[in-house]
Structures are given as C-alpha cells and as structure tokens.
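*Asks:* Letter by letter, the chains look like this.
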Amino acid sequence: MNDNIAIKMTNVSKTYPSDCEDRESICAVENITFDVLNEEFVSVVGPSGCGKSTLLNMITGLLLPTSGEISVYGERVKGPYRDNGMVFQYPVLLEWRNIFDNIMLPIEILKLKKEDYKSQADDLLDLTNLSGFKDRFPGELSGGMQQRACICRALIHDPKLLIMDEPFGSLDAMTREEMNIALLDLWAEKKKTIIFVTHSIPESVFLSDRVVVLTGRPSKVDTIFEIPFDRPRNIDLLFTEPFRDLQAEIRRKIGFGKMDV
Amino acid sequence: MNAKNLIKRINYKPLITIAFILILWQSITLIFQFPAYLLPSVIEVFKDIFKYYQVIVRELSVTIYEALVGYGISILVGLPLGVSIVYSKFSKEYIMPILVMTNSVPKSALAPLFLLWAGYGPTSKILISLLMAFFPIVINTAVGLYRIDENKVNLVKALKGNQYQIFTKVRLPNALPSIFAGFKLAITLALIGAVVGEFVGASKGIGVLILSASTEIRTGIVFACIIVLSVVGVALFYGVELAQKLIIPWYKEEEKT
Chain A
1 MNDNIAIKMT NVSKTYPSDC EDRESICAVE NITFDVLNEE FVSVVGPSGC
51 GKSTLLNMIT GLLLPTSGEI SVYGERVKGP YRDNGMVFQY PVLLEWRNIF
101 DNIMLPIEIL KLKKEDYKSQ ADDLLDLTNL SGFKDRFPGE LSGGMQQRAC
151 ICRALIHDPK LLIMDEPFGS LDAMTREEMN IALLDLWAEK KKTIIFVTHS
201 IPESVFLSDR VVVLTGRPSK VDTIFEIPFD RPRNIDLLFT EPFRDLQAEI
251 RRKIGFGKMD V
Chain B
1 MNAKNLIKRI NYKPLITIAF ILILWQSITL IFQFPAYLLP SVIEVFKDIF
51 KYYQVIVREL SVTIYEALVG YGISILVGLP LGVSIVYSKF SKEYIMPILV
101 MTNSVPKSAL APLFLLWAGY GPTSKILISL LMAFFPIVIN TAVGLYRIDE
151 NKVNLVKALK GNQYQIFTKV RLPNALPSIF AGFKLAITLA LIGAVVGEFV
201 GASKGIGVLI LSASTEIRTG IVFACIIVLS VVGVALFYGV ELAQKLIIPW
251 YKEEEKT
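Residue numbers (the working numbering), protein chains in the order written: chain A, 1 to 261; chain B, 1 to 257.
Keep in mind the hints are simulated off the structure, nothing from the lab. Glycine residues also receive a C-beta, built at the ideal position from the N, C-alpha and C atoms. Hints are supplied without guarantee of correctness; some may be wrong.
Calculated pairs, DMTMM-like style, for lysine to aspartate or glutamate (alpha carbon to alpha carbon, straight line, at most 25 Å) [to be verified]:
no.: 1; chain 1: B; residue 1: 169; chain 2: A; residue 2: 140
no.: 2; chain 1: A; residue 1: 78; chain 2: A; residue 2: 122
no.: 3; chain 1: B; residue 1: 160; chain 2: A; residue 2: 166
no.: 4; chain 1: A; residue 1: 118; chain 2: A; residue 2: 166
no.: 5; chain 1: A; residue 1: 134; chain 2: B; residue 2: 253
no.: 6; chain 1: B; residue 1: 169; chain 2: A; residue 2: 122
To give a feel for the contact side, a few chain B residues facing chain A, derived at Cβ under 7 Å [said to hold, decoys possible]:
no.: 7; residue: 151
no.: 8; residue: 154
no.: 9; residue: 159
no.: 10; residue: 160
no.: 11; residue: 161
no.: 12; residue: 165
no.: 13; residue: 173
no.: 14; residue: 177
no.: 15; residue: 250
With these hints in hand, go ahead and build the complete structure from the sequences.
*Replies:* Below is the structure:
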C-alpha cells in the first residue's frame with residue numbers, strides 16, 4: 001500500500017463496559033479515522049477525558065479497539081510491537097537503575113546486544129543535555145531531566161514511531177518551553193514519526209505539522225488543522241499574529257472554557 | 001556503598017539517650033532506696049551481667065538458634081508463597097484474605113498448643129517463631145509485588161516483554177523495600193516467639209533463665225537477661241537493615257520534598 005503512511009486509523013472505536021480509570025461512566029472513543037504520515041509530527045488535542053490516552057494505548061497495542069482497525073507502517077496492530085517508543089504523562093523511571101541503565105531498558109527487553117547501542121545512548125544523552133548525568137539515579141534529577149531521560153529511553157532502540165502522552169504536562173511553564181524546543185531539535189535530528197497528545201493548544205500548534213481536534217466523550221475527530229509555519233520554528237513564532245489566530249481558531253473548535261461532557 | 005562506610009555513618013546520638021536513661025535509673029535507685037528485688041540499681045545489674053555472663057550467653061545462644069531457624073524457614077516458605085499470591089488467582093482469593101485476617105490473632109497464644117504437639121525441646125519454639133515471622137514476610141512480599149505503578153509494567157509490555165522479564169526487571173526490584181520491611185518485622189517477631197515459647201515450657205533458653213531467676217526473686221539476673229536479650233534483638237534488627245542497605249542502596253526511606 002502507500003508506505004508513506006505511518007499510522008492508519010479506520011473507524012476505530014473503544015467502549016469500556018463499566019469503569020474507566022477514575023471516571024465512573026463509560027468512556028469511549030468513536031469512529032476515529034485519520035492518518036499520520038511518515039516523519040510527520042501530529043498533535044491530538046481535545047477536552048479532558050479518557051479518549052486521548054485510550055487512543056495512544058491502542059496505537060501502542062496495549063489496548064485493542066472494540067471495532068475498527070489501526071495499522072502501523074502497513075502492519076495491523078494486534079498487540080504490542082517493537083517499533084515504537086512511548087513517553088507517559090509523568091516520568092516513569094526505575095528508581096533502582098541509574099539513568100544510563102534506565103535508557104538501556106528497551107535493549108534488554110528486546111534481547112539486543114547492549115554494546116551495539118552504547119553509542120546511540122551516549123548520542124541521545126548528548127542531544128538532551130544529560131551526558132553528565134548518566135551515572136546518577138532518577139531521584140537526583142529534576143522532573144524535566146527525568147522526562148528527557150524517558151524520551152531517550154523511548155528512542156534508544158531506534159523505533160520509527162514515537163508516542164507521547166502529554167509528556168510535558170507535569171512540568172512548569174518555562175521547563176515546558178525548553179522541552180518543546182529540545183523536542184523539535186531532536187525530531188529534526190532523528191526524523192521520527194511523532195504522535196503527541198496535549199492539553200495545550202499553543203504547544204500543539206508550535207510543535208506540529210497537523211493538529212487533530214477531538215470532541216468530548218465519546219471522542220470523535222472534529223477537525224484536522226494544517227499548521228503552515230516553516231521550520232525550524234522558534235519561540236518568537238508564539239507572538240506572531242498568524243500563530244495567535246490559528247490558536248484562537250482551534251480554541252473555538254474545542255469551545256472556550258467549555259467543560260468536558 | 002560498602003559495609004565499612006555504613007558503619008562509619010552510624011548515628012551514635014541515641015546511645016547518649018540510653019546513657020542518660022541509665023544515669024536516671026541509677027539516681028532513682030540511690031534516691032528512693034528500692035529493695036533490690038523490686039528495682040536493682042544499674043550497677044547491680046551490670047555486676048550480674050559480668051558475674052553470670054557465661055550462663056546468660058549459653059542460654060541466649062539456644063534462644064537465638066531457635067529464632068533464627070524459625071526465621072530462616074519462614075523466609076524459605078514465606079517468600080515463594082508471597083510471590084504465588086500475586087501470580088495465582090487461587091492464592092490471591094482464598095489464601096491472602098485468611099492471612100490478613102489471622103495476622104491480628106496473637107499467635108503467641110498458640111504457644112501451649114505447640115508445646116503439646118512438639119514437646120519441650122527447641123522444635124516447639126522454632127515453630128512459634130516460624131508462625132510469628134511468617135505473616136509479615138508473606139503479606140509484605142505480596143503487597144510489594146502487587147503495588148506498582150502500572151506504567152512501569154506497561155514499559156515492558158509495550159515492547160512485547162514476557163512475564164519473566166516483567167517480574168525480574170520491574171516487579172521484584174520494586175517490591176524489595178516492602179520485602180525488607182517484612183524481614184525487619186519478622187526478625188523481631190521471631191525472637192519474641194522463641195522467648196514466649198520458652199516461657200510456656202522449656203528446659204533451655206533465655207526465657208527459662210528469666211523465669212527461674214524471677215521465681216528465685218533474683219531480679220538483678222532478670223534485668224541482666226533482659227538487657228542482653230534486648231541488645232541482641234537490636235543487633236539482629238540492624239543486621240537485617242544492613243543487608244537492606246547493601247542490597248537496595250537506592251531506597252531512601254524519607255520522601256524528598
């Protein structure tokens with residue numbers, strides 16, 4: 001088929017029988033259809049609710065859709081597969097391992113040769129400014145640094161797809177900005193396909209090639225926005241009129257301060 | 001983090017508190033002139049420790065032996081059982097609730113029963129130690145393995161990791177702090193179990209010595225036994241704590257704010 005498509009989602013729905021995480025009512029994702037192209041950076045935004053995380057978990061293969069189909073690089077997703085890296089909403093690191101060993105975890109799980117990936121690890125640490133910290137333990141690092149280590153780990157086995165679930169939500173505003181720039185630099189260097197969930201509309205516009213807006217529960221695709229700005233992008237873009245207009249348009253789609261259903 | 005470093009870093013301040021308590025005790029006995037059979041002075045007690053040192057050590061060795069054997073068996077049996085509770089639905093639903101319920105039952109009350117079943121010798125004391133040490137080990141192991149940030153497991157699952165990898169790389173290291181907490185509770189209980197067993201019926205052991213000294217109203221010896229027993233109890237506890245600091249040096253008991 002078209003091998004320029006990284007993720008192909010067709011009529012993907014997910015219904016939970018009763019409880020869903022911390023919500024009492026049924027949370028569902030309904031008839032999601034969109035594609036993510038190879039080496040594209042796509043953000044998914046929408047009101048608070050289970051939908052976005054559920055979608056990402058289905059893309060990783062940790063959850064299966066109730067109906068519909070997800071294919072990643074032409075292969076139908078039937079369960080977890082190796083060609084992706086995931087970054088969660090907060091740093092998930094193993095406290096008993098130092099940063100270097102944490103980053104190497106996927107190599108161990110995949111039963112690959114550690115020596116082959118040492119230079120990749122050093123390279124990633126360098127790109128994320130963590131080189132001096134490889135022997136430290138997670139408890140010794142700040143939240144931002146921990147999350148950067150998680151990004152390194154997600155990329156160590158060189159997957160084609162990077163899946164990020166509100167990765168910067170737990171950080172303060174300034175660190176978040178730094179991380180956005182760092183992520184764009186990393187993406188320019190490593191050329192991955194990235195699907196990125198966020199609550200922050202400016203963040204989604206700043207980072208992405210396209211922004212997918214989901215409705216409230218049951219989440220459906222509302223609109224997909226093309227982000228026209230040239231790369232490389234820098235922080236000044238945030239204060240330009242076209243940026244602010246686009247942001248406002250997306251916000252209108254979601255609804256000003258409308259609480260999720 | 002090696003043993004020498006750790007021993008250097010021991011906090012000696014609590015010893016000052018103990019010294020203060022001993023001085024206070026001595027002063028009270030001097031001031032109030034209690035009869036020696038009620039409250040002997042510190043000096044009397046330490047005199048008795050030195051005088052009867054050999055007897056105390058001989059009897060204490062029996063007790064320590066009983067406690068350690070009971071402790072060792074409780075670990076050998078308790079650890080695998082704790083693991084099975086997490087991995088076997090049957091264990092989790094039928095066995096764990098019973099353990100949690102009967103945990104609050106004072107197992108020392110069963111001591112006379114064990115005496116009946118296993119006799120006057122060390123076996124009955126080992127069984128009581130075992131029974132008392134067993135509970136915290138199984139419960140803490142099960143809870144430690146069970147209580148984990150799901151995403152740590154997802155990390156491995158998302159890469160098609162198998163159950164063995166999840167267990168060895170994530171669940172088990174994550175559980176070690178809780179398992180060691182269980183070990184520490186258990187060593188204390190094992191020693192208590194041995195002593196209680198000796199109180200109920202025995203011919204050898206520190207419990208026997210304490211009882212016989214108290215029936216002869218030789219309170220100095222009673223205190224002497226208690227003090228030496230306490231020192232040993234503390235030493236055993238800190239022995240386990242030392243093992244903890246060597247095996248899981250990354251674990252910090254206080255939360256960083």
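*Asks:* Taking the hints in turn, state whether each one holds.
*Replies:* The hints, checked one at a time:
no., hint, result
1, B:169 to A:140, "holds (21 Å)"
2, A:78 to A:122, "violated (33 Å)"
3, B:160 to A:166, "holds (23 Å)"
4, A:118 to A:166, "violated (28 Å)"
5, A:134 to B:253, "holds (24 Å)"
6, B:169 to A:122, "holds (22 Å)"
7, 151, "holds (4 Å)"
8, 154, "holds (6 Å)"
9, 159, "holds (5 Å)"
10, 160, "holds (5 Å)"
11, 161, "holds (4 Å)"
12, 165, "holds (6 Å)"
13, 173, "holds (5 Å)"
14, 177, "violated (9 Å)"
15, 250, "holds (5 Å)"
Hint violations for this structure: numbers 2, 4, 14, all remaining hints satisfied.
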